[in-house]
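S.K.: Working from the sequences, and respecting the hints, build out all of it.
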Amino acid sequence: MGLDAWLTGVQERQRTALAGLGTFQQQVESGLRQLRVSLDEAQRRTDEREPGRALRVLESLDVEGVLGKVRVGDFSELSRRERRAVPWLWRRVEPASMEGFLSHFPESWPRLVRQRLRDWCLADGDSKRMREWSQLTSRYSTDSRLLRWNLPVSIEMALSPEGPKGVAARWGDRPLREVVDLMGHAGLRPAVGYSGHVVAEYLLQRCAARQDASESLLYLLEAEAGRAWLPSASADRSVIGAPLEARVAVIAAILECRAHGRVHKDAQSRVEERLIAKDSVFGDPRISILTEAWSAVRGRSKQAFEAFLSALIQQDLEFFFEKAMHERDRHVFWLRYLGSIRSTTCWLAPDAYDALLREVRTLPSEQQAAFRRAKRFSRYDVSAFCLRFDEYSVVEFSKTGNATYVYRNRDIDKVLRQENVECADDLKVRSLAEARLYHQPGWEPRFEQELLARGIEKAPAAKKRPF
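Letter by letter, the sequence shown follows residues 1 to 467 of the UniProt record's numbering.
Rather than coming from a laboratory, the hints here were simulated on the basis of the structure. A virtual CB, placed ideally from N, CA and C, is assigned to each residue, including glycine. It is possible that part of the hints are untrue.
Said to hold, decoys possible - Simulated restraints, written as ranges between beta carbons of each label pair:
hint: 1; residue 1: Pro106; residue 2: Gly31; range: 30 to 38 angstroms
hint: 2; residue 1: Ala277; residue 2: Asp212; range: 23 to 31 angstroms
hint: 3; residue 1: Val332; residue 2: Arg454; range: 47 to 55 angstroms
hint: 4; residue 1: Ala277; residue 2: Glu457; range: 29 to 37 angstroms
hint: 5; residue 1: Gly31; residue 2: Asp62; range: 44 to 52 angstroms
hint: 6; residue 1: Glu434; residue 2: Asp212; range: 43 to 51 angstroms
hint: 7; residue 1: Val332; residue 2: His260; range: 56 to 64 angstroms
hint: 8; residue 1: Gly339; residue 2: Glu224; range: 37 to 45 angstroms
hint: 9; residue 1: Ser295; residue 2: Glu457; range: 31 to 39 angstroms
Unchecked claim - With a straight-line cut-off of 27 angstroms between C-alpha atoms, the simulated DSS-like cross-links for lysine-lysine are:
hint: 10; residue 1: Lys165; residue 2: Lys128
hint: 11; residue 1: Lys399; residue 2: Lys323
hint: 12; residue 1: Lys375; residue 2: Lys399
hint: 13; residue 1: Lys278; residue 2: Lys265
hint: 14; residue 1: Lys302; residue 2: Lys323
hint: 15; residue 1: Lys375; residue 2: Lys265
hint: 16; residue 1: Lys428; residue 2: Lys458
M.R.: Following this line, the structure appears as structure tokens:
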């Protein structure tokens with residue numbers, strides 16, 4: 001019995017020790033996770049503050065004097081603050097001069113790499129000078145401990161014109177969420193322009209491989225880090241929005257995925273809604289004069305942008321004439337002009353708006369998006385719909401007996417600049433209208449002639465596009 005009791009005691013002590021070790025292991029792992037989060041947060045703050053700190057340092061220095069010392073190789077005369085500033089000025093320094101500077105101060109190499117990744121730009125990619133910079137940077141990568149940049153390609157490759165494409169290809173088998181996390185651990189947060197180009201290349205490669213991109217786009221919509229690349233201000237101050245060029249690259253890639261059918265319908269409608277939301281810093285692509293940002297997107301992916309714009313207009317046409325007005329003949333008529341319509345604006349009468357609001361959840365996703373784009377009149381029971389062409393705008397009204405008004409664009413702009421557009425009557429300004437057309441029997445041929453006389457033709461692209 002004494003031996004049995006002793007063995008039982010040993011077993012109890014073993015269980016207690018193992019339980020203690022398990023608890024200790026959990027505490028260590030938890031501590032390491034917290035330490036990693038703290039370090040990650042500290043590094044994030046450092047990364048985000050560095051551009052502002054660089055600007056303040058440069059404002060306090062004689063920049064031309066610093067550049068002069070670097071160009072003539074007078075490195076010993078550089079103060080500590082001036083040495084720190086030289087990598088930030090790399091665009092204004094020749095590679096040969098920077099090579100001499102780095103040979104004297106190799107500890108500046110990580111700062112140069114970090115700044116070049118921040119400043120990475122497609123416009124620089126094809127020049128001989130940029131290739132020289134990539135080769136120069138790679139010569140000083142002997143001590144990798146100086147860097148946090150843990151990328152799946154060499155620094156020289158990462159900084160070449162094909163750098164983001166190479167990084168995206170190496171991580172292409174991972175979900176976009178993991179790719180963004182990996183870039184974050186490598187110091188490439190959304191505030192660094194380079195990371196946006198990696199995301200854009202990732203999406204384009206999935207599109208080219210005919211892989212579904214819905215999960216990736218939903219991540220961009222739902223994750224705070226992902227939203228930094230969309231055209232809306234981040235709601236969380238802990239994440240700074242990406243630079244404009246990076247956002248343009250990502251949005252152009254999103255539109256390519258959409259145009260090639262790599263996105264499920266529900267995800268597509270959410271993306272479309274997000275891209276033209278009221279808080280978008282890009283503005284509405286359906287306005288007559290595109291913002292600089294949307295013009296840049298169109299320049300990168302013209303066909304995809306045109307398909308996106310055409311789909312938005314088609315959704316608005318269908319929503320207004322079919323759902324709000326129940327005027328199928330007018331819907332069919334204006335669909336013939338889809339390729340010529342530049343933008344649309346829908347105003348709903350108060351009762352019509354409130355009724356649709358109550359049943360909005362039962363509408364198809366694309367009509368829900370169209371409803372959210374609609375505006376609400378504050379008075380009366382007539383809705384209105386404006387179709388904008390190159391030089392003219394046509395305003396349709398919901399109830400029979402209301403003439404269709406035709407304005408020159410400059411005149412409709414005067415109408416819309418009124419202090420308050422509260423009802424359909426505010427869009428009826430006879431003194432500015434070019435013409436008034438009536439929906440009497442046989443109205444379609446008469447409308448066609450009136451439009452043709454003003455250079456508005458039916459477009460071959462007017463056939464319905466699949467969403």
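S.K.: Each of the hints needs a verdict: does it hold here or not?
M.R.: Hints, one by one, checked against the model:
{"no.": "1", "hint": "Pro106 x Gly31: 30 to 38 angstroms", "verdict": "holds, 35 angstroms"}
{"no.": "2", "hint": "Ala277 x Asp212: 23 to 31 angstroms", "verdict": "holds, 24 angstroms"}
{"no.": "3", "hint": "Val332 x Arg454: 47 to 55 angstroms", "verdict": "violated, 21 angstroms"}
{"no.": "4", "hint": "Ala277 x Glu457: 29 to 37 angstroms", "verdict": "holds, 33 angstroms"}
{"no.": "5", "hint": "Gly31 x Asp62: 44 to 52 angstroms", "verdict": "holds, 48 angstroms"}
{"no.": "6", "hint": "Glu434 x Asp212: 43 to 51 angstroms", "verdict": "holds, 48 angstroms"}
{"no.": "7", "hint": "Val332 x His260: 56 to 64 angstroms", "verdict": "violated, 28 angstroms"}
{"no.": "8", "hint": "Gly339 x Glu224: 37 to 45 angstroms", "verdict": "holds, 38 angstroms"}
{"no.": "9", "hint": "Ser295 x Glu457: 31 to 39 angstroms", "verdict": "violated, 25 angstroms"}
{"no.": "10", "hint": "Lys165 x Lys128", "verdict": "holds, 19 angstroms"}
{"no.": "11", "hint": "Lys399 x Lys323", "verdict": "holds, 14 angstroms"}
{"no.": "12", "hint": "Lys375 x Lys399", "verdict": "holds, 18 angstroms"}
{"no.": "13", "hint": "Lys278 x Lys265", "verdict": "holds, 22 angstroms"}
{"no.": "14", "hint": "Lys302 x Lys323", "verdict": "violated, 31 angstroms"}
{"no.": "15", "hint": "Lys375 x Lys265", "verdict": "holds, 24 angstroms"}
{"no.": "16", "hint": "Lys428 x Lys458", "verdict": "holds, 25 angstroms"}
Of the numbered hints listed earlier, those contradicted by the structure are 3, 7, 9, 14.
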